[in-house]
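*Asks:* With chain A held as given, fit chains B, C and D onto it using these hints.
Chains as they are written, first to last, in this note's numbering: chain A, 1307 to 1688; chain B, 1307 to 1688; chain C, 1307 to 1688; chain D, 1307 to 1688.
Just so you know, these hints were derived from the structure itself, not from any lab. Please note: incorrect hints may appear among the correct ones.
Note that the list lumps identical chains together, so a pair holds whenever it fits in one copy or between two copies.
As the list claims (entries may be wrong) - EDC-like cross-link-like pairs, simulated, lysine to aspartate or glutamate; straight-line CA separation at most 16 Å: (1) Lys-1431 <-> Glu-1454; (2) Lys-1312 <-> Glu-1549; (3) Lys-1312 <-> Glu-1550.
4 protein chains.
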Amino acid sequence: MPRMLKELRHVYGFEDVAIAPGTVTINPEMVDLSMSFDGVTLDIPVMASAMDAVVDPQFAIKMSKLGGLAVLNLDGIQTRYDDPASLFTEIAEAPKDAATELLQKIYSAPVQERLIGKRVEQIKKGHATAAVSVIPANTKRFAPMAIEAGADVLVVQSTVTTARHSSKSVKGLIFHELVKQVKKTPVIVGNTVSFDVTLELMEEGVHGVLIGVGPGAACTSREVLGIGVPQVSATLECAAAREEYFKTTGRYVPIITDGGIRTGGDVCKSFASGADAVMIGTPLAQATEAPGLGYNWGMATPHGSLPRGTRISVGTRGHLEKILFGPSHRTDGTENLVGALKISMGMAGAQNIRDMHKVELLYAPAIKTEGKIFQMQGKGST
Amino acid sequence: MPRMLKELRHVYGFEDVAIAPGTVTINPEMVDLSMSFDGVTLDIPVMASAMDAVVDPQFAIKMSKLGGLAVLNLDGIQTRYDDPASLFTEIAEAPKDAATELLQKIYSAPVQERLIGKRVEQIKKGHATAAVSVIPANTKRFAPMAIEAGADVLVVQSTVTTARHSSKSVKGLIFHELVKQVKKTPVIVGNTVSFDVTLELMEEGVHGVLIGVGPGAACTSREVLGIGVPQVSATLECAAAREEYFKTTGRYVPIITDGGIRTGGDVCKSFASGADAVMIGTPLAQATEAPGLGYNWGMATPHGSLPRGTRISVGTRGHLEKILFGPSHRTDGTENLVGALKISMGMAGAQNIRDMHKVELLYAPAIKTEGKIFQMQGKGST
Amino acid sequence: MPRMLKELRHVYGFEDVAIAPGTVTINPEMVDLSMSFDGVTLDIPVMASAMDAVVDPQFAIKMSKLGGLAVLNLDGIQTRYDDPASLFTEIAEAPKDAATELLQKIYSAPVQERLIGKRVEQIKKGHATAAVSVIPANTKRFAPMAIEAGADVLVVQSTVTTARHSSKSVKGLIFHELVKQVKKTPVIVGNTVSFDVTLELMEEGVHGVLIGVGPGAACTSREVLGIGVPQVSATLECAAAREEYFKTTGRYVPIITDGGIRTGGDVCKSFASGADAVMIGTPLAQATEAPGLGYNWGMATPHGSLPRGTRISVGTRGHLEKILFGPSHRTDGTENLVGALKISMGMAGAQNIRDMHKVELLYAPAIKTEGKIFQMQGKGST
Amino acid sequence: MPRMLKELRHVYGFEDVAIAPGTVTINPEMVDLSMSFDGVTLDIPVMASAMDAVVDPQFAIKMSKLGGLAVLNLDGIQTRYDDPASLFTEIAEAPKDAATELLQKIYSAPVQERLIGKRVEQIKKGHATAAVSVIPANTKRFAPMAIEAGADVLVVQSTVTTARHSSKSVKGLIFHELVKQVKKTPVIVGNTVSFDVTLELMEEGVHGVLIGVGPGAACTSREVLGIGVPQVSATLECAAAREEYFKTTGRYVPIITDGGIRTGGDVCKSFASGADAVMIGTPLAQATEAPGLGYNWGMATPHGSLPRGTRISVGTRGHLEKILFGPSHRTDGTENLVGALKISMGMAGAQNIRDMHKVELLYAPAIKTEGKIFQMQGKGST
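The shape of chain A in the complex, shown without the other chains:
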């Protein structure tokens, strides 16, 4: 009896892949890491996630000075409370089983519009690039305020973003109208994981696309909603769309791999999968400069009726500069992320990010056999 079965595409995450060394090698100091969004240039292709425990105005200033870009969440604690410091303490001190409920309560306070401009101004006073994030439903209202206050980059972000959204109550956000309205400001939109949606968003005129929906198997979106695409495959898909769009139109729209990045290895694999930049959360929540006091939580954690994710203890590890540039005494890949990227690109023979898109990726799933993990030892120095 013939049957038509749905076919399942095999997809890959960071733990499933490895980068093959190149046939030429390059001295790390010759590697060029710069990238730009429609005129806003970064010296290092690293963005800090729009998470309340990661980015506040002071963090954003520091990140900008170091060559990267931090995104301030305009739908979070910073715009709901005048003085958020005590809230971070309260969250950090809450017992484990009360944390989700506390977050639900804290985030039920409304956003105060006057704080939007204030936060942007705080960043600009630090002579930094100000990037802000809003959810689609608030974009029309908040984006003009942020831009008026001096925001340099606008990020419109929700768990899953498409160019088309059906809703009974609100008229969906039309991205090409938004782009027109804020035209001097680059607009970065996400998250998506699909070739078609990436292409549609680029056709809407956006200046960057965030990649990543429920990337990990342990990811909350995947556990609770069944939805998620491992990051390597998501990045490969969307990078293919970027190339397609670039070939057709001549306009190059960077994509940013966002979610699930924990180590230097993950950073390197993101670029080898086609990313132009990475957006990092937890590793930066561990910086002394992060407001979360050694904790982190996702922006879906405080959801009123279906919270996803929990407050997690990430610890505090050292200054942001050390996490990004070392020097490090740690050997687990969680410090000197930028140094790791340079060395990795050197070994892979990639002089810049475009070169890194072309290196060979291997499917080498990391099956750890219990009690059998021996440390492998590097050869020579580099």
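*Replies:* Frame of chain A, contents of chains B, C and D only:
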């Protein structure tokens, strides 16, 4: 030397797959979850398993009021004992290593026919839809009694059901005769996992097919008997048979994924695999309303000479309504299952269950690398 | 640059596969489990491994009475020592880290030829079928003694057996000469895992082939020597050779899956992979009747310079009859192995072992996600 | 919408594969293990890694006497300090969390050129073959000194070596010039994992190629840099290049699998993948003769700003001779590595290393299901 090797089909379980977000998104409040079995309509496509620790008459009434359907087991404790309450206490209080033997003893008491009608009437008195389950060998005897007492849905269920059964002693149950005999009552039959059997059962005239035999790797059927098909593949197979039958005959016979569902993610993946409804055991055994007092066991556990499955402690978590509809403070996907399904369908761009059958499923096996599971953080809100 | 890479065949073990239920089901009591080796018929297709901790003459008598066949090792403790009882006690009482060295010492005593006949006679006095095992190097010397004493079945067994062996010192054993020499006695030879070797051995005239070399990933042969083939694939390969040989010659030579079987599920999967019988070690070492006093070790464990395997504590669980036929209160598949096989064959729709060779096998790898294993619950009864 | 996705090659490590037994078997004592590098012949194809915790002059002498070859690191402790003994004690006694920092400090002392000749002379005084290792940047300076002092084999080693290296500051090492310059001394170069690079290095005239970059999933290079190729696939690739080069030129250049080898099984699989020799670190660091006092660390561990790998406690297990040749009481494959190789080759039917390159390799991933690992028991003796 040429050789003819048996080929092995690669099959998938919940933990192996993920749903890809759609190219359009839909507001969750626009999602329609209703489905029906030949005239019996459910507001939510969720059934409670015919397990003694899950469903008693009071539970069935509550479930019906919430829009779902609970199936009462007519071959279990409810029909063997007049007043089962003390038995549940005895089971819950038994030491772990005595539990299986105690269950074997309790289930060796005979079914009392007069209790069949009584249990159905208890449900009907609550103005609820009454669904009852019988094993094939008892169907001819018990089904008429249940229907006479007012049963609205008849479920004929054994570990593996086919349209054809060879036996020395008993004449097999002929499903098309049964369907004729009870003709105003929808008949749901299972369990199966095969395209051919699903098609044959539909040709016999049944009104629903239960999908699931030994779905998990840790499943007792698979450990003890070697038999089992992971749920996603089983559902994909049987859904293909349903489509084939629908295309040929114009009659749409729903299939119900039954077994191994623990989280909202599993529920969502069942529908993405082709299910019209899900049947849930353990997550509902955790409801305050469940008779099992925080324990659950399978209907093969009390088998006299080859028990499969054990009594497991599942705990008690809260009211049935909260498990189905939230709001929740838990973030592991075990509460607000219906809310999760709506949000998931919205992200996948599915307006109703038939749409959800068409979303993209990915093969993304969940290999957890020890000590490497970081929580992924959602973006924005939804 | 073109490259010629060695291709790797994907092979499967018990934990990788599952049996699909059939499109018809059969009442377990209608299942026929008998099989035979050239006139020696077994009521149940189960053999006890030629391991010293499993089989002694008394065990062999009991196994024969229950319808199976136990193989006595003629190169082990039973033929090296007149009265082995005290040695088993000594082994059982040795501290863990001294066990291998003690075994090396005990097995360095020479085989006493007069004990060969004596052990066979002990079995025959019990009115049982006497099967004995010798290693290839000792076959010419020991086999005639055993047969003279009444042995009914001769097993020639080493880790890897082929029809051709190169050696400086000894002239290899020629199987077709051996078969001729002992012509009234069925000769079972092994172990192998290869299509070609199985075919060659059958062409030599042997009456049974043992399948299994280093079947498990945790298997000593694989850890120490890198050599091993998972049992399902090994059985599939050799079953294909049996069919090929049967088609060509009309002679049916049974194959026996030997190694790595722990549960009823493994037994069932062996037959679904093409086995005519299974040889079982550890599960039978747990019988009250086994001489090992709750311990087991492989025949490569006492190797003088490269021991493989260790003494393991398996515990004592109950009488052999209960392990084979139940009834059982255990739910982990380690008791009532024969009952499990009958139920499994019934669900798969197989009336006899030849039918069971044709059921569908699925590739359903058992990836357990930590803390996520919920027990699956069976439906109805069977 | 069509899309061009980067394809991922599936690659394999030791834990993913197994060797299939041969269709003939060979007595282990008939197996020939010798191999040679352009005139320097080894009785056993085993090299000791150029790691400071493994090889000092005394160790090198012992290894040479046993038929293998140890490589002394000329960029490590032996050439930075006159009397290194106290440093090894200091490292061994450092608390765990201070070890990396201490190593960074110790390795920041400069190499003293006069110690290069001295160390080589120490080895030569022991009537042993002297092999030394230098990093590419130091080769032009140190290699002549070592050769002048009597070095027999020159190893040029870094994490990733190619025939072409881009650098701003230093003129890259030209291998064909080096080979010419030291022409009586075999030059072994590495590490690489690629077909093309292996071919290019052979075309440069080198006499051996080291295979292995970040072989394990837990490997530091892979964790920190994302770079790594599992050893089996790396060896298969480079062996294909060796065959290609041999077919074209008639010159046979051995390849050495280096990294991640822990057991006899790994050794055997290396040869079955195409290796002519293996280079071993940790298992030899466990020898009484190793200078590391029961500890080991990689040569990338002391990296100043991005250390990779840590000091690990490996313990001390017994004399080098026992680790290589037994006899052993251990059953985990970590002793009698050479005995294991001989038995494995015998079972696989390989008379010499070239034969071993042709045996069948299987893809048999080692998925361990928790609590389900039973020890497999060997059959007969060997």
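*Asks:* Are the hints correct? Go through all of them and say.
*Replies:* Here's how the hints hold up against the structure:
1. Lys-1431 <-> Glu-1454: within (14 Å within a copy, 65 Å between copies)
2. Lys-1312 <-> Glu-1549: between (28 Å within a copy, 12 Å between copies)
3. Lys-1312 <-> Glu-1550: between (27 Å within a copy, 13 Å between copies)
Violated hints are absent here; each numbered hint is respected by the structure.
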